[in-house]
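Trainee: Sequence:
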Amino acid sequence: MEIVYRGLKGRRFLIVIGDIWSTQAWDKMQRTFPNDDNRSRILLTIRLKYIVDYVSYPDFPPHSKSFLSLKDKKTGKHIVKQCRGLPLSVVVVAGILGKMDPTHDNWKNVKKNLNSFFGTVSELACFLYIGGFPENMEIGASKLIRLWISEQFVKSRSNKSLEVVAEEYLEELIDRNGVPK
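Convert by adding 5 to the 1-based position in the sequence shown; the result is the number in this note's numbering.
Check before you lean on any hint, since a few could be wrong.
Capping the alpha-carbon separation at 35 Å, the derived lysine-lysine pairs in DSBU-like fashion look like this [as the list claims (entries may be wrong)]:
hint : residue 1 : residue 2
1    : Lys82     : Lys14
2    : Lys86     : Lys116
3    : Lys117    : Lys165
4    : Lys79     : Lys148
5    : Lys148    : Lys76
6    : Lys33     : Lys82
7    : Lys86     : Lys33
8    : Lys54     : Lys78
9    : Lys113    : Lys82
10   : Lys86     : Lys160
11   : Lys79     : Lys113
12   : Lys14     : Lys160
13   : Lys117    : Lys82
14   : Lys76     : Lys14
15   : Lys148    : Lys160
16   : Lys113    : Lys86
17   : Lys54     : Lys33
18   : Lys14     : Lys33
19   : Lys54     : Lys117
20   : Lys76     : Lys33
21   : Lys82     : Lys54
22   : Lys86     : Lys76
23   : Lys148    : Lys116
24   : Lys165    : Lys86
Derived by calculation from the structure, the hints in this document are not laboratory data.
Source: prediction; values computed, not measured.
Between the sequences and the hints, there should be enough to build the whole structure, so can you do that?
Mentor: This is the structure we're talking about:
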């Protein structure tokens, strides 16, 4: 645990811990994470109410689920379907939705844009892969293309090499203002 503590000390981090089962387990784990007041976060999933009460800060009550309206639920299901089973796409779309007011019109707008922006699953996967890089990070086109190919996002078409197809994807994304030049 000391190694983890030293590795995190002075850094900003997000830790996700699933299903804390006892207060003693939380007490042991909590000592592993430094509190440097640098906006680091620890996200816990807990099933037992007494543990929720134990780990909660008085000024920060635990988050509880809220349910969607029927219209929003349908729109949300459609958005998830448009993500086509790609976990990164779900994360990126959730990030987009999380930054806007949760109105039905905003959700409909995201749904509409996801429908029209990408022609293929591969193009969507390539675009969403870019979302995994830090904002303002420059990455060379050739490196990005190699990464897309290694992740098997690029599918061959019309007897073209994977590199050529990936270049076409990148050009299409640039033309649609999906990625900066």
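Trainee: All hints are to be evaluated individually against the structure, with a verdict given for each.
Mentor: Now the hints, each set against the structure:
no.	hint	in the structure
1	Lys82 to Lys14	violated, 40 Å
2	Lys86 to Lys116	holds, 10 Å
3	Lys117 to Lys165	holds, 31 Å
4	Lys79 to Lys148	violated, 38 Å
5	Lys148 to Lys76	violated, 42 Å
6	Lys33 to Lys82	violated, 39 Å
7	Lys86 to Lys33	violated, 40 Å
8	Lys54 to Lys78	holds, 27 Å
9	Lys113 to Lys82	holds, 11 Å
10	Lys86 to Lys160	holds, 21 Å
11	Lys79 to Lys113	holds, 10 Å
12	Lys14 to Lys160	violated, 43 Å
13	Lys117 to Lys82	holds, 13 Å
14	Lys76 to Lys14	violated, 45 Å
15	Lys148 to Lys160	holds, 17 Å
16	Lys113 to Lys86	holds, 14 Å
17	Lys54 to Lys33	holds, 19 Å
18	Lys14 to Lys33	holds, 17 Å
19	Lys54 to Lys117	violated, 40 Å
20	Lys76 to Lys33	violated, 44 Å
21	Lys82 to Lys54	holds, 29 Å
22	Lys86 to Lys76	holds, 16 Å
23	Lys148 to Lys116	holds, 31 Å
24	Lys165 to Lys86	holds, 29 Å
Checked against the numbered hints listed earlier, the structure breaks hints 1, 4, 5, 6, 7, 12, 14, 19 and 20; every other hint is satisfied.
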